[in-house]
Amino acid sequence: MSADLTTTLVVNGRTVTRTAGAHLSLLRWLRDVADVLDPKYACGEGVCGACAVLVDGEPVSSCIVLAAQVDGARVTTAAGLTGPGGELSPLQRAFHEHHAAQCGFCTPGMLICATAMLADGMTRTRDEIRHELHGNLCRCTGYQQVVDAIEAAQGAAQGAAQGAAQGIPP
Amino acid sequence: MSADEIRTSKVEELRVVHQPLPRHDQAEKIAGTTRYAGDLAFAGMLHARLVRSQVPSARLLRRDGSRALGVPGVVVVLFGEDVPNNEIRVDVPGQTVEVGALKATMQVLATERVRFHGEPIALVVAESEDALARACGLVEVEYEDLPVVSDPEEALREGAPAVHDTGNLLAEWNIDVGDVDAAFAAADVIVEGEYRTQFVDHAYLEPEAGVGWLDDDGVMNLRVATQVVEHYRDVARILGVADSKVRVIAPYLGGGFGGKEDMTVEPYLAIAVAHTRRPVRMQWTRNESLLARAKRHRNVMRYRTAAAADGTILAHDVEIVSDAGAYAYLSALVLLYSSVHACGPYRVDNARIRSKAAYTNNPPTSAFRGFGGMQVVLGYESQIDELATRLGVDPGELRKRNAIRRGDRLPVGQTIETEVLLAETIDAVRDRAGDPPRPSGPRKVVGRAIASNLQSYGRLVWLNDSAAAWVGYQMDGSLTVRCGVPDVGGGQASSLAQIASEVLGVDMDRISVHFGDSALTPLAGTTTATRQLLMSGNAVYEAAMLLKDQVLGAIAAETAQPVESLLLAPGGVASAGRTVPLAQALQVCRRRNVPIEALGTFFGPKGREVTRDLSGERIFPDFTFGTHLADVEVDLDTGQVRVLRYVAAHDVGRAINPKSVEGQIAGAAVQGIGQALLEEIVVEDGVNLTGGFFQYLIPTAADVPDIEVVVLESGEGLGPFGARGVGEPPIGPPLAAISSAIAAAVGARPTTLPITPERVLDAAARGGA
Ligand code: FES
Ligand code: FES
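Line order of the protein sequences matches chains A and B. The first sequence stops at residue 312 when you use the working numbering, and every number in between is there. The second sequence stops at residue 807 when you use the working numbering, and every number in between is there.
Just so you know, these hints were derived from the structure itself, not from any lab. Worth double-checking, as some hints may not be accurate.
[Claimed, not checked] Just the calculated beta-carbon pair ranges, DEER-fashion: (1) A:T161 with B:M83: 50 to 58 Å; (2) A:D177 with B:E178: 33 to 41 Å; (3) B:R151 with A:D177: 56 to 64 Å; (4) B:E357 with A:A164: 57 to 65 Å; (5) B:D469 with A:P226: 22 to 30 Å; (6) B:E230 with A:M264: 49 to 57 Å.
Values in this document were obtained by computation on a predicted structure and should not be read as measured data. Positions of the beta carbon are idealized from the N, C-alpha and C atoms, including for glycine.
Chain B on its own, in the form it takes in the complex (with noise of 0.2 Å):
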């Protein structure tokens, strides 16, 4: 089965799906009782912990464990040279040739040279936590200090520091389509902005962690927090043995955002295992977390905008510098997202888009909630409410004469082809929100703005997409599913069950889902891009479709009726006149030697591999699209923004867990608030300065309103039922609603992130607020 052929059924005829119903993953939750990467234990096991650059630039004239090693309790100190293939490779596909050689590798224990502060060097094993403190902190590095280069745009320049010997230039993208000089030149009006984002972290509550061990085959197992149990094949490089000879297990995630999605622990809990043979945990700290673990992308963009005075957008002229940090990991990718979203939803006949991304000696960055896809948001928003001023029209009714419908193409080439609900979003999230908020005081102002935006679902469509799951009966009845999904705590799992149980009439409390596990469950692929639902949500639904056909087929054929008569019920096999109870019918296929089980597997939508100069591409499978209202007070003697309201409205094609679907948007939403004010990982030159949750601060309870959540459904998404993807498009508009709706309060906007007290003043007095 394929995503061409979209399945959309009756929302009256739905019995589970589209219900909000408690996530079957939930009750354990709450009772304390999932046991998370960091919570199993073994009989014998070690402790390990990594020793980091203190340094972001430099050579290492001398590595030395051997004063670690006299600590008692401290079994042994890696370095690089123990590894076996010391080496960890990112695939970076396509255009990265017209660049300069790519080599997307970094070392697993830095050997020679280290590039950022935090970086890997040696591994410190021993029999418990307190061991590991004093002798990790023995082991001797001798750094000398290379130059620094923690600006992308300096980085690019001539006679920068090379943080790679293939130069600093990581990758670029380009779109050109139709005229983008002679728009401008017949344009009334043109605006002109320059935005930027910030280093932020995923601050998940779950550190990294998890536990190895070798089984009694000599198999590497590896049960760690992670969104890709595909990593059995690193971890299989790495340590030089057969694929097969390494099996990863996904147990629930403390929370993922696409920080668990490249390797994290994985590497050196693989390396202390085979080396002493004994199981050996790592957790990795908060501190570690923020210093060391890939980041999201600060950029730079610039933005030139023409439009006609009835308010018609003619062209954008768009330039982004994206900081890669100093290893590829994802960059390519993530600038790739941000060229393809960077005109937003709208239609515009006339595109120019420049991007390209840099090494710096700066953390690492890569994939994270929105993947790039989620900064330009606060570019393309920015400019439209600037145009909306400027031509003194509504910035609603200028975005609805704008937005994208079905059959448009964005400047990257690539048609959208299901109904776009956008102009119904703008719509619910003003009817929603009513009369705008007063200020509470003299010194208040109050500011209310609305954001639009895009986002793709589903992996790009060269990247051969595929997931596939197991659904089968056991003999009383009940319904095992085995899928390769990650559930990173979004109810990946749980939809999955919905899904079965709607198709086959099995109570969802008689499903057991078995997932994530690289050895036991077909591979699903992994739980980023949006991709879930679209993904193992149609290969389970493939299966359970396959499954129900099976069994109607064999009931058919016992029972002489032609198989259209038959329905598959709760309970069993309903035909005109009788109900077949369904342990029976099990009993039937079993005799007639019809399987009682199935495997689903399901393709994405293909297309062909892009290269620099992004045109006329079909690029993703799909998009999601939505808006985001919020109101803002500014207290004008201390900078202060409160957020008063928040409204928040996506097409989400179709709820399979409504429930679940408002607690995407809402925790998506807080993090998209949390960046727009609070969050910053601080680097300066090099050294990050942020060391804990005291100083990088993500929002409260207290620091939110409620985020009013409206769902649309047009029921013409590419998942089951016509669902779209939400995970990620959520939490793009909470930076330009949130900069715009302060925008309106003081008179002038803030166009750097995160907007601190600082930039708000800085802003009213600009502003003359």
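Bound conformation, chain A alone (with noise of 0.2 Å):
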């Protein structure tokens, strides 16, 4: 075990600083020693996405770097996308309507490669939207209608995620 250390982060907006380990993984801080709980562990070697944050505007897959690592940057999870009253951002709203959640646990991993896709404006075709969520493993939806939900948001959503990325609080 190592020594612990204290470390910041913005988390969703909110500053949280926490004295741990300095062998946590990002995942495991916010899990763990920050009750932030929607970033989720399913396979702990940054294969599925389930962990997937957005650090400093960019997606990050939070089991396989440490907290230490990214002491002071902003830390956007899915949970920070909603709005102060936690309604839906547009790219939610779109993953609502189009039934992109099953059992909804691989859920926040896609809306942050979701979020950091649609920021740069960019109109995706199905295929590069396939592509681009290679790195998130869904076992429930077949992709099926994650694709449809992202493919509506496109364009809908762009200027609140461009916000989101750039790791401004909703």
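Mind docking these for me? Both chains are given alone in their own frames, and the hints should help you get the complex.
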């Protein structure tokens, strides 16, 4: 085990300072230390994307970076995409309308990947969306309704997604 | 109310059911606020982890937790001797007496003997995950290796190492109908094939997890990712306490697919809590999940099929050997499903089916979406396509010529009593697909194939299945539904709200569904076997209808009108002249001592228990039928297969929520494609080599095309509003559609799954492509 380290992150717009083992992954730091529970553990080796968060606007598998490595960063999780009253963002609404969540366990990571995708304002074909989603595994939907949702959200969600990708709290 | 009263309604009259409404559970999931089994924490909570066998077959000479106990933060190290009743029991009904006395049990923690790599030996409980991580490696276990048997056919041979004292034959089923030998003698054409499927992992994104705690009355509470809250009884037996002293709560699951049907973390959490009297959390790693939780059965299936020159199937002669792994779990029943489904959705008057499940030192195998009914699709559909090739007839026409219709009997003796739109699903996928694709380059070839199937929904009829649900108005007219159904992610709870909303006219957003709590919600049985829409759907329907009758009866009495003249409409009770607002109607009920809640219980269709020799029996409530079509492109240099187009059509009876139905079909099809092309738990001499998602490849979004879903509705299912179950049926056809499409492309059939590039190139070499 390692010594403890104090790490400060701006998580979904909230400044969080915690002292914890220096060996903790960002995922464990968020879940076990900071009680931010929407990023999920599903593989722990950077394959599945269930733990994806935005770190200073860039999508990152939080299970394979150390919290201490990103000290000072702005971290956005899927829960940070909702408005102040918990209202869904346009991207989230598209997920809702298109039944893009079945069990929902992959969904926070999917939303982060989609947010990063939409941030550049480009319009992608379904194949391009599929290609960019390849780091996010889903066992329930067969991806169909996830692709439907992202396709529909292009344009509509663009503005909000850009804001979130830059780490601006909604 | 029983299943024999099939309820159909005029589809145009449906207000809520049959609408593609967003599911009521999705908003929270998408907002990231759903609390899954591993998300709950208590102050003062401990953490628990298993120490598992590192070898597949051994005697345990020594187990010692003293070094682990020395790690700061470790609270206790438990072994089998510390478990009040150190036995997990699985009920395996029926025939097994005839094949040797079966004791379908395993130890909670192994004390003397381990039989598979990953079997639990010790349970470490500590103040932190970090302490656990250090301590688990310090639990000392000394093994004396014993012989390993890792092939089921070898396991059945004379002199094979005995996995259990009772012998390696776990279960056996036979079906005999007609005169198979005479049919083969009279046949114009005979095709033979051997097909092999692999160990497959459920690979749901949420690994097994849960939290346990004792409440103020000393009741053991387990909030766990499970498809079966009724495991509270198993936990009570293990703890040696009354059933009423254990409560299992299933929150929304991060996927199940059968992998959370058997117990996973439950007994371990319970033991840890019982010993420490503190809340405990256990979360399996992906590695543990892949290593030690039961898999899909690996099957060897040998088919001989006889047909007449006009394409009529005359006989099937089928032998199935299934790898049950180290412990029984549900293998005997899974094998029963394989046997009953083995001839597919076709009429055949002569059939001989011999199936056996054998113990090995491999990971145990048990329930998985399709439950033995899906592996055989590879067998019977490959045979049909081979027949079509030999006879020079169109594979779709050949299927239609033999397709089961209402009134036909399956080889097991069950008569199909509902409308079957099988031929229509064949036309539907072909119409949708249009012209076949062209190769994208000179060393590329393309192929198209279809595959049809049938898959039961609802539990085996002699299990006396039932489900209960409670529906009650609040005084403000909003509605509460209580039903013990676990929601595995398929919209189980949401569809109950939809059904209640339809019957009672309450808006979806005014309905709350409380589900999956063995103490507080009426028990509804397992979310398995594609049974929940049939069972809990009908139970909610029943309860809602009772409640509606109560309210209408009270208003009829109050207003001195005949009850037939009243209608429960959104907003209140309507009669010719006026509407009594719902809140007022409920006041009337209260005043007249009429309950504003109702309990509905639905009983599944009944039947006689079967014996080893299956015949003349109704086995399942009903079946769902469908057809898939695949277009593939094969790269002849690399053996890579690209699925270009995929169409899936099923008769779902009635789609309660069309979007959910599409989601179930697309998701199952992609799981099936994964099994066809990518996935395998690799086990060598009993050692499981598949340690993570790096090795276990499930399809990504980039690996699969759009799944084009065609929903057909006969309105003939046994579920509410004529719905058929659709959770499992779409997972079988991809195995055959993909392999047959590859066969069409390269000229020879790959018969072993997964169809890796090497196997594709091997088939191409055989096919001369
Ligand atoms: S849990 Fe981080 S990528 Fe899978
Ligand atoms: S919705 Fe279940 S894993 Fe994606």
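Consistency of the hints with the structure:
| no. | hint | verdict |
| --- | --- | --- |
| 1 | A:T161 with B:M83: 50 to 58 Å | violated (20 Å) |
| 2 | A:D177 with B:E178: 33 to 41 Å | holds (36 Å) |
| 3 | B:R151 with A:D177: 56 to 64 Å | violated (43 Å) |
| 4 | B:E357 with A:A164: 57 to 65 Å | holds (59 Å) |
| 5 | B:D469 with A:P226: 22 to 30 Å | violated (49 Å) |
| 6 | B:E230 with A:M264: 49 to 57 Å | holds (54 Å) |
Violation of the numbered hints given earlier is confined to hints 1, 3 and 5; the remaining hints are satisfied by the structure.
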